[in-house]
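Visitor: Below, each chain spelled out in residue letters.
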Amino acid sequence: MTLPILPTTMVGSYSMPSWLERLKTDYFARRISRHDLDEIHDCAVRSAIKDQEMAGLDIVTDGELRRDNMIDYFVERLPGIHIDRSSKKFYYDFYDSEVLGKIPMAALGLADDFKFLLANTDRATKFCVTGPHSLCKRVRNKYYPSDEALATDIARVMNMELKELVKAGAQLIQIDEPYYSGFPEDLAWGVKVLNTLVEGVNAKVALHICYGNRYGKPSWEGSYRYLFPRILEAKIQQLSLEFARRGGEDLDLFGEFSAPFELGAGVIDVKDQAVETADIVAERIRKVMKFVPAEKIVVLPDCGLYHLPRDIAFAKLRAMVQGTNIIRRELGHLDSKTKTAG
Amino acid sequence: MILHLNHTRRDSAAASTSEIVSTFLTLLEEGHLSTAEFARLQIYLDWLQYKQNFREPITVMQAATNQSGEPSRVEVRIDSRQVAPGCLRQLVQKAMKPSAAESASEQSRLYLEDFRSLRSSIVWEFNQLYWQRLKDWEHTTGKSYERALPGGASDGHHPQAISDSAREFWKLLKDLETRNQLPTEIFILEIGVGLAMRASMWLDQFAAIDQENGTSFYPRLRFLLGDYSLSTLERSRPAVKKHIDLCSFIALDALDPTKALSFLRHKILHVHSSNMYDNLPDEEVVWRDNRLYWVQVRAYVSAEDAARIGMMCGVQLEDVLRIIHRLLEVGANALPDREKGMAFWMEIWKAIRFEERLVDAMELPEIPLPAGLSYVQMEDILKDAPGDLRFHLSSGALESFRNTLPLLHPRGYLHVQDIFVTDLNEYSMGFYGPGKLDGSIVNWVNGALLREVAHRAGYDLHFTPFPYREGSKTSILRTSQRE
Chain A
1 MTLPILPTTM
11 VGSYSMPSWL
21 ERLKTDYFAR
31 RISRHDLDEI
41 HDCAVRSAIK
51 DQEMAGLDIV
61 TDGELRRDNM
71 IDYFVERLPG
81 IHIDRSSKKF
91 YYDFYDSEVL
101 GKIPMAALGL
111 ADDFKFLLAN
121 TDRATKFCVT
131 GPHSLCKRVR
141 NKYYPSDEAL
151 ATDIARVMNM
161 ELKELVKAGA
171 QLIQIDEPYY
181 SGFPEDLAWG
191 VKVLNTLVEG
201 VNAKVALHIC
211 YGNRYGKPSW
221 EGSYRYLFPR
231 ILEAKIQQLS
241 LEFARRGGED
251 LDLFGEFSAP
261 FELGAGVIDV
271 KDQAVETADI
281 VAERIRKVMK
291 FVPAEKIVVL
301 PDCGLYHLPR
311 DIAFAKLRAM
321 VQGTNIIRRE
331 LGHLDSKTKT
341 AG
Chain B
343 MILHLNHTRR
353 DSAAASTSEI
363 VSTFLTLLEE
373 GHLSTAEFAR
383 LQIYLDWLQY
393 KQNFREPITV
403 MQAATNQSGE
413 PSRVEVRIDS
423 RQVAPGCLRQ
433 LVQKAMKPSA
443 AESASEQSRL
453 YLEDFRSLRS
463 SIVWEFNQLY
473 WQRLKDWEHT
483 TGKSYERALP
493 GGASDGHHPQ
503 AISDSAREFW
513 KLLKDLETRN
523 QLPTEIFILE
533 IGVGLAMRAS
543 MWLDQFAAID
553 QENGTSFYPR
563 LRFLLGDYSL
573 STLERSRPAV
583 KKHIDLCSFI
593 ALDALDPTKA
603 LSFLRHKILH
613 VHSSNMYDNL
623 PDEEVVWRDN
633 RLYWVQVRAY
643 VSAEDAARIG
653 MMCGVQLEDV
663 LRIIHRLLEV
673 GANALPDREK
683 GMAFWMEIWK
693 AIRFEERLVD
703 AMELPEIPLP
713 AGLSYVQMED
723 ILKDAPGDLR
733 FHLSSGALES
743 FRNTLPLLHP
753 RGYLHVQDIF
763 VTDLNEYSMG
773 FYGPGKLDGS
783 IVNWVNGALL
793 REVAHRAGYD
803 LHFTPFPYRE
813 GSKTSILRTS
823 QRE
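Heads up: the sequence lines are chains A and B, in that order. 1 is the number of the first residue of the first sequence in my numbering; add one for each residue after it. 343 is the number of the first residue of the second sequence in my numbering; add one for each residue after it.
If you're looking for bench data, these hints aren't it; they were derived computationally from the structure. Computed from a predicted model, the values in this text were never measured in an experiment. A portion of the hints provided could be inaccurate.
Subject to a maximum C-alpha distance of 27 Å in a straight line, what follows is the list of computed DSS-like cross-link-like pairs (lysine-lysine) [to be verified]:
(1) 137/A with 477/B
(2) 89/A with 609/B
(3) 271/A with 725/B
(4) 439/B with 477/B
(5) 204/A with 167/A
(6) 725/B with 88/A
(7) 271/A with 601/B
(8) 137/A with 393/B
(9) 142/A with 89/A
(10) 609/B with 287/A
(11) 137/A with 601/B
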């Protein structure tokens, strides 16, 4: 599928409606069945896809609305990880989980969720997966000699899963590794593990690194400088970073280092409910273009829209597309009379 | 008849319960109460934390009509602290008289408002008047606000507590420095600084710790002193003059500090407040039969008190209400003689009482829960709570708390010294306000609800009893990041 210049997409998650939160929690309280919850998820995902299309995004995701959070969706499926199902009373909490033995190879079944996305849109798609580094930081390790060893085995299992996604038609897969920012000292082995994860995966691989968005707030502060030059060794084709909330201070790193990958530039602040104007978005893209050519930029929010109310999330996506269209026009890639969804 | 013992004070409880049972049985035997009325009686024996409060010794509250259309229960609330020995029967009979409320209205009570949520009551205007004209009040009583506090001093200014707070913050900065994560500018916020006594002591302590350890954090501090008005902040300047280059004075709304400080979202490493939450607008609710009821109030002054105060201050009875409203606008200048104006203010405040009624939340056009708390969440929180529970919603405190969190740096924390109820069960064993403290209102803060709101916002709350003064009722709330 041919994409326009400055393709627009979400990082992954879309607004989690409060009614869905309630129903997810009802499921944990055994007030509704798994079957009912699955049906509810299908409806919610279709709605999220439709919203992205209406906002004018070029690449859509399933909004990650089936996921309780970025960890449990994977931990529940990973064999050999024991979870205490009584450990959370609110669906968004993390399970207490621990690994007591070697993680065996097994299918995780992610491809089914991807196929659902594919069947419900004719736009380009992206499927997002939490990376092994972030997962290993949330699982109590009672077997492996180090976090690196645990993450490596998780990467091996998930590598097989990524290949399944590719078989199912995935052309763009995003790996989320926000915990890099909390544990910059792990980066050297983190990149090694990431390369194990994507080895032989025949799709475009994006890597998303932010400063956390748990409960809609940052988990860490600092500068992306810690990523360089090590991140240049990552076998990825796109790196997605947050620049809207944090300002563009770290953009000069892309002037300083010659990055072989595209930059997914966060131009929407997902921790502020104020909706950006198209002009602000355009200005942020111009700033990025001072360091990275337009052909190598993907436009997206800083992180997932999970914690924003739906109307605000939608308005932000629209503003993002409209702001991108301003720049496309300036670059002569969009006729000013062309009608666009955004 | 069901008798609820809502306190654990053995001394008064033993005598009062037997006296109450015997009084009501006698009224039944003598025909003052029908058996049907007797069967619907719910007697609540309370012990109010504050001697000065808004209750009559005995109040009768008709609960909202229940959905089945059956006659609703009759609640009799007895403040066992106020009932003088030997007066119970007489007080009960007076309160239980048929249509007592109706006959009282127009005749024996001067109403200051219609029924409404406590949060919207006129008493909060009195509270505001007190803080705006604190000097006038202190001048008249001859004692400072702090001396009027139960312990005669504020725990907010305890030197050891301040020193420990400064040291704890220094340790955080040291840790951030070690991890190479220390921001260039180190923001701290105190909300409700008053005369900045604490801020000044804290800065002195911090400077000393910084010097003692050879670090240079102190010059990087940006200390934000927040209070509700610029004039209050002006008065706080002299106290921090030694540190003035590090200080910024910000007029902010305690209910929404983020509004004035949105440019510092996720940047403040330490936010502190002392004795502020307990003075923010509040309301009470009742959880009964899996339904939520609002306690609506109507403030009044008894006609007897209104006449007495009017005579004392030279105000005709028919003018009392008008002068009260004038008082709320201009303070003691409401009367030509300021001394009489002050006396009018103080006496009216002392005389204000509430009539109460319960309203089913489902009958309200909108359920007025504070932001961050939904009805569904309330149901979840209350599903394990004791039945028939009356408790504070602490709406002002909840709002302030929730609107402060976005200011915190990922490693930052909120530190609040205040009076908290940390477990909903405690509401069955005590009645924690509203009380009158000098000219202000005081309410214990519902820490159990705060904990729930914090949880959903990504924070854990820790409550520690104030360890620096024996007998102190203060607790220290501290947030930590929730993973």
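Visitor: Evaluate each hint against the coordinates.
Guide: Do the hints match the structure? See the list:
no., hint, result
1, 137/A with 477/B, "violated, 56 Å"
2, 89/A with 609/B, "violated, 30 Å"
3, 271/A with 725/B, "violated, 32 Å"
4, 439/B with 477/B, "violated, 44 Å"
5, 204/A with 167/A, "holds, 13 Å"
6, 725/B with 88/A, "holds, 17 Å"
7, 271/A with 601/B, "holds, 15 Å"
8, 137/A with 393/B, "violated, 53 Å"
9, 142/A with 89/A, "holds, 25 Å"
10, 609/B with 287/A, "holds, 24 Å"
11, 137/A with 601/B, "violated, 35 Å"
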